[in-house]
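Could you put together the complete structure from these sequences and hints?
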Amino acid sequence: MKQKLLFQTPEIKYCSYRYQNIITKYEVIIDRSRCTECGLCVQTCPKYIGTARFDYEAFQKHEGYLRIINLNSQCKGLLCQKCVNKCPTKALSVRINPQYLALGDYRWTSDLILSIWKQAETGKLSNRYEYKIGSSGGGFDRLRFDFELKNKRVSNNQNDIEYIDTSISLNKSNDGRPRIIIPIPVYGADMSFGSVSLNTMLARAKAAQAWNIFTSTGEGGYPSELIKYKNHIITQIATGHFGVNAETIKRAKIVVLKYAQGAKPGLGGHLLADKVNSDVAKIRDVVPNISLFSPFPFHNVYSVEDHYRHVQLIKDINPEVLVSVKVSTPTDIDMVAIGCYYAGANIIQIDGAFGGTGAAPDIAKNNIAMPIEYAIPIVHNYLISEGVRDKITIMASGGIRTAYDVAKIIALGADGAVIGTSELIALGCKRCANCERGRGCPSGIATTDPILANYIDPEWGCQRIINMYSSWKKQWDYILTKLGLGSIKELLPKNKVEFKKGRFNHLIHLDHVR
Amino acid sequence: MGRSINQIDKIITSKKNIITNLSIIKNDTIEAEGGCGVIGVASTIPIKGKYLFQSLIQMHNRGNGKGGGIAAVGLSHKQLGVTPKILENSYLLLIAYLDSISREQVEKECIYPYFDIKSVKKIDTINDYKVIGLEVKPPDVWSYFVNVKEDAINNFKIINGLENLSREQLEDEFIYRNSYMLNTRFYASLGDKKAFVLSHGKNMMVLKIVGYAEQVIQYYKLEDFEAQIWIGHQRYPTKGKIWHPGGSHPFIGLNDILIHNGDFANYHSIAEYLKQRNIYPLFLTDTEVAALYWDLLTRTYQYPLEYAIEAIAPTTEKDFTMLPKAKKKIYKAIQTTHIHGSPDGPWFFIVARNNLSEKQLQLIGITDTSMLRPQVFALQERDIKIGLIASEKQAIDTILSCLSKDDKRYSPIADRYWYARGGSYTDGGAFIFTINKSKNLNCTDKFGKKVKILDNNKHYFKRETCNSQNFLSINKKIFRNLEPKVLFEYLSNNIRNWDIDRTVLFLENLRKYASKGHIEKTFAIEILTLLIDRRYDFGRKFRSDLITLYEEKLYEIFNSLPQVVANSVNKYFRIDYNQRDKLFKPLTSDQILVVDVYDFKAEGNNGTCQFLQRAYDLGWRNFIAYNFRGQRNFGAGLITSEKVKIDIYGRVGDCLAAFADGPEFHVHESVQDSVAYCFRSGKIVIYGDVGKTFEYGAKGGVAFVLGDLVDRPLINSVGSATAIINGSCKDYLGESCMSASGFTVINGIKFSENGKILSQETPYHGGNLFPLAAAGTVYLRDPFKTVGEDQLNGSKISSISNNDWKIILPLLKENERLFDIKIKYLLTVNGRVRKPEHVYRKVIPLKVVALTKYDRGM
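Residue numbers (the numbering used here), protein chains in the order written: chain A, 19 to 532; chain B, 612 to 1469.
These aren't lab readings, by the way, just hints derived from the structure by calculation.
Every value quoted in this text rests on a predicted model; they were computed, and no experiment measured them.
Be aware that one or more of the hints could be misleading.
What the hints assert, rightly or not - Calculated cross-link-like contacts (lysine to any residue; reagent style SDA-like; alpha-carbon spacing at most 25 Å):
| no. | chain 1 | residue 1 | chain 2 | residue 2 |
| --- | --- | --- | --- | --- |
| 1 | A | Lys268 | B | Glu1253 |
| 2 | A | Lys268 | B | Tyr1227 |
| 3 | B | Lys804 | B | Asp739 |
What the hints assert, rightly or not - Examples of chain B residues toward chain A, derived with CB under 10 Å:
| no. | residue |
| --- | --- |
| 4 | Arg673 |
| 5 | Lys677 |
| 6 | Asn872 |
| 7 | Arg984 |
| 8 | Ser1002 |
| 9 | Arg1323 |
| 10 | Ser1331 |
| 11 | Glu1346 |
| 12 | Met1349 |
| 13 | Ala1351 |
| 14 | Leu1383 |
Stated by the list, open to error - Have a look at the derived ranges for each label pair, beta carbon to beta carbon:
| no. | chain 1 | residue 1 | chain 2 | residue 2 | range |
| --- | --- | --- | --- | --- | --- |
| 15 | B | Tyr1436 | A | Gly194 | 49 to 55 Å |
| 16 | A | Ile245 | B | Tyr1436 | 45 to 51 Å |
| 17 | A | Arg160 | B | Lys741 | 46 to 52 Å |
All C-beta atoms in this analysis are idealised placements derived from N, C-alpha and C, irrespective of residue type, glycine included.
Here is the structure:
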């Protein structure tokens, strides 16, 4: 039976990568000393017209040369090599692009990055790049859905998959406040103005509006340019209270109280002086070019009854707002979660150890807090034993990279996920980590330098994110279809998470099965 | 006094005998302790339980109904049905039975064999626990007055090698270990929990349930039960479906009962420390280890209170350097030995004890060295002396208010309220109320210094003897032609000569005058407000009595105002909780809405914050809110670009004016925590003291405070947030301030008993002034340069320039206008008026070096 379309998904529009020479997996190398510019390679290249071309103008000036251009990363490289074989002078060779090898790391592999770029470009998957799994050797990368192991060849023809209800509710309590429902189980993570540029924020805000989800201001204040998207902007109150005031609380549908961040638990926000230009300073009401430290704790919240008081204050200032509480993952995350419930939070956002950050010392980033895939089952199980799991929404964040990661974390007990890095990658982020060293994000995303920031056009960025989520939506539809489930809410376990012989709730942990 | 090392050693090693089954005790998963609310009261005459009741309800939003407990010390032998001798000399063993069948077994195994039983009784309860809203049936509690049998003591002495202890000390230790064994056998074992000991000290009782603390009083019918010391605790535990109150507070030593607000970080460290001394916790909450640790220090080691407090809350940083040499030596030794048992993290303890050796009953409040939990102390000294300690001032005021309604010897306002500074050399962060044998109550700090209120020259107001007839009546005609300021000038100079009766008469005439019309009302309200706000010579009357009178009259005037109706040209309208839905738009914006806040809920849909917003949206711009009893978030989030004035009377609660943007608040009372949090613009004037985290994250606006701040004001302030503080600040002022154009002025003054301005010892007490600040300025009125570089952390002290004076002078002028604190007096040092640069100094931040990614940690 065809499901009634509950939500009109935004239109996919082709949205190419900004730069001409996209990083691709393979590259073809021309030995100039042997190349006679006969052009046979161009004619031979199967299907992918324009993979090579003559640079005609240059040729006429007698400076011309044959250039191999991998448009749309279509070159199949080592799997094809027709041009190599055809070349009469053996001038061509093919290899894996060293840039491809340099790109990424074990968690965010080059395939995953390129796959996101592809999805952001076309709104569809391509089989070229692995899009589900990284190579970290643990966590999500060792979990599979049962259907994945049954049939290795995943159908790429996802256009035929039916639309399935992937909506989740952000207010499951009975506090009389709006029962906000979002059509896909994700919304955008907190990235402050100062850690990213205004154009980046606008791109994310527009995409959030198109998908009827949310994105967050981060702790750096609420730029006035975002006001027209206010129904999709979450105001964050962090310990520095930068740019937070009664207006931004009353304007928002959701306020997130950031008690901690998974990437640097125990540390407050830290914006390096170089990034605090006059715009950033103005919105945060401070002097430019000083480093901004948010304290670690809220100095008026040192105990759970203080936390209750804090949540109730926000709820009093805006009688309609939902309150989300963002915490990191200490070993007693279950206590923290139940405390948040009793304090009156509608959403608890659990930020795991592999989250990103605009700035934090390495020793903190690399060594503290629990990965999210361990924390979520702990919280889910505990809230079930307390009898309150169905009264609060759990959003997971910190290292959730792909649509499959989202589905897995839901299967492990979260209601949905908060997506940060993936959105930036959709905008072209290469994960070079320069953002943590000052101003110099070469992609113009995580910077407030006005020249670099211009690299991102908000409309273009918006469409890239829309496309990515469109592709993810189809993947969720596909997963749910394969699992025989009617909605994503059915993927959320009703009972406690308990792996038996490596299996639980359609998930298989590869470490525990043969 | 004091014990030999040998004796202590024997006591500790022999404890190993009772650790029979280690596997029981291996379970190390600690129950989470949430935060809570605590209150303690000590009085020279016994107080009935019902007075504790209201203040516990007052602290509901500090608990979640999953655990509450109370304790009483200094009981009535009549009510317990025993002779005074038994009450004094026998141990009152209270056992909670969690099922109906275990009593026989418990008595057979733990009580009959060892004890001479003087009296046995089941504590009376109401019939049905559900009637009072409880979900879990409280345990049946039996009380046994016992002494240890002679041969049991002798055996005990011999087996454990405790020949050198006195009989009483032996008996104490026996009781203690017997209770421990009872608990291990019937509670801590794997399997069903059957029974546990609630308390076993002399002349004291502990009761606790799964519910709110006041439900203990209801369930066990303690409304009329009398005791000289009560403590109560609202728990906010977060773990587990709780079905038994074993983990609730209070916890006991032997003759000491402890309750705790907070949550240590180092439970395991303290538990290890205790295990090294053969003390194994059973109930797995941090409060229990605190009680065990306290008992170890005071009873086993026999430390005097001062040393026990030092072991728990060590003196450090600048405070340590300020101690006299002899104390430094001892304290260093104490810290070296005991630091691992010292709790780390937010905590505030209240201990009620029966100090048998000195024949004293004591109530002690101890605060942690980082001052992370709120605490208020209060004292009233009249015919009856009463000392109080609580997490919130509102809770104290509620008890006093209830008491004074029934007994005119109490006043609804304490004579003095104050806060402790944890780990300080000034008060040690602890205060002790002691009731001695002659029924006198004294308050001392950790070092034994007395807190004095009672000036022998003062009379307090004995209401029952007030007779307002037969005296000269003041001509009402006077009022009509007087400016309020002029009349107030007259009053402030003459009230010292008036006795209470004349004052009462004057106020009554004022009230009658006010009933004539709204101009008269405005006059009367202004006069009464000035009388409440200002400090002047009260003569031989207590300020608290006068304030009570002023407030009463003021409320009488407010209560007589007409109700809100549409289209009326009255100036004043009154509304209260029951009429809250009948709010109309005002005709003009200068009409004043007078809100009786009493029955509004503490927060939420029927709270004061949303009501005020609704009234503002309807068009009201002038407000008087009175009769507060701790309601929170009033004025929070109120945004306005018009002139809005809000006057506040009564015990207003936390988060007042938080996130406010534009209005002008005048608070005619001291306030507590998180006031003006993220205040964006507007003005806030406090005619009293301020609690914790004042103006935290403030972005602008101006604040004026008549009295002192506790700690952590103006943290993370930005923009132009500015504050003038006339009193002093205890610690952590302006941490991480980034305010480019804002500043803080601290005058460090106080008022003498006759209204004169005096300098305090120092404007700033603590060791962390302006830490980690990136911008901003703190001006200190510090002519004697009491504040030193060792109190700074990332800032430096320098002298002020003409420019600085130009900046702060306009605000000091406004300060003068509001509080009548003349700039001339501020600049007067040792009788001479000096130049500003000799009186004021400034603190500014050092340049902050930006950290880079490669810094290993911050």
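Evaluated hints:
no. : hint                             : in the structure
1   : A:Lys268 / B:Glu1253             : 19 Å, holds
2   : A:Lys268 / B:Tyr1227             : 15 Å, holds
3   : B:Lys804 / B:Asp739              : 22 Å, holds
4   : Arg673                           : 5 Å, holds
5   : Lys677                           : 9 Å, holds
6   : Asn872                           : 7 Å, holds
7   : Arg984                           : 7 Å, holds
8   : Ser1002                          : 9 Å, holds
9   : Arg1323                          : 5 Å, holds
10  : Ser1331                          : 8 Å, holds
11  : Glu1346                          : 7 Å, holds
12  : Met1349                          : 4 Å, holds
13  : Ala1351                          : 4 Å, holds
14  : Leu1383                          : 7 Å, holds
15  : B:Tyr1436 / A:Gly194: 49 to 55 Å : 54 Å, holds
16  : A:Ile245 / B:Tyr1436: 45 to 51 Å : 49 Å, holds
17  : A:Arg160 / B:Lys741: 46 to 52 Å  : 51 Å, holds
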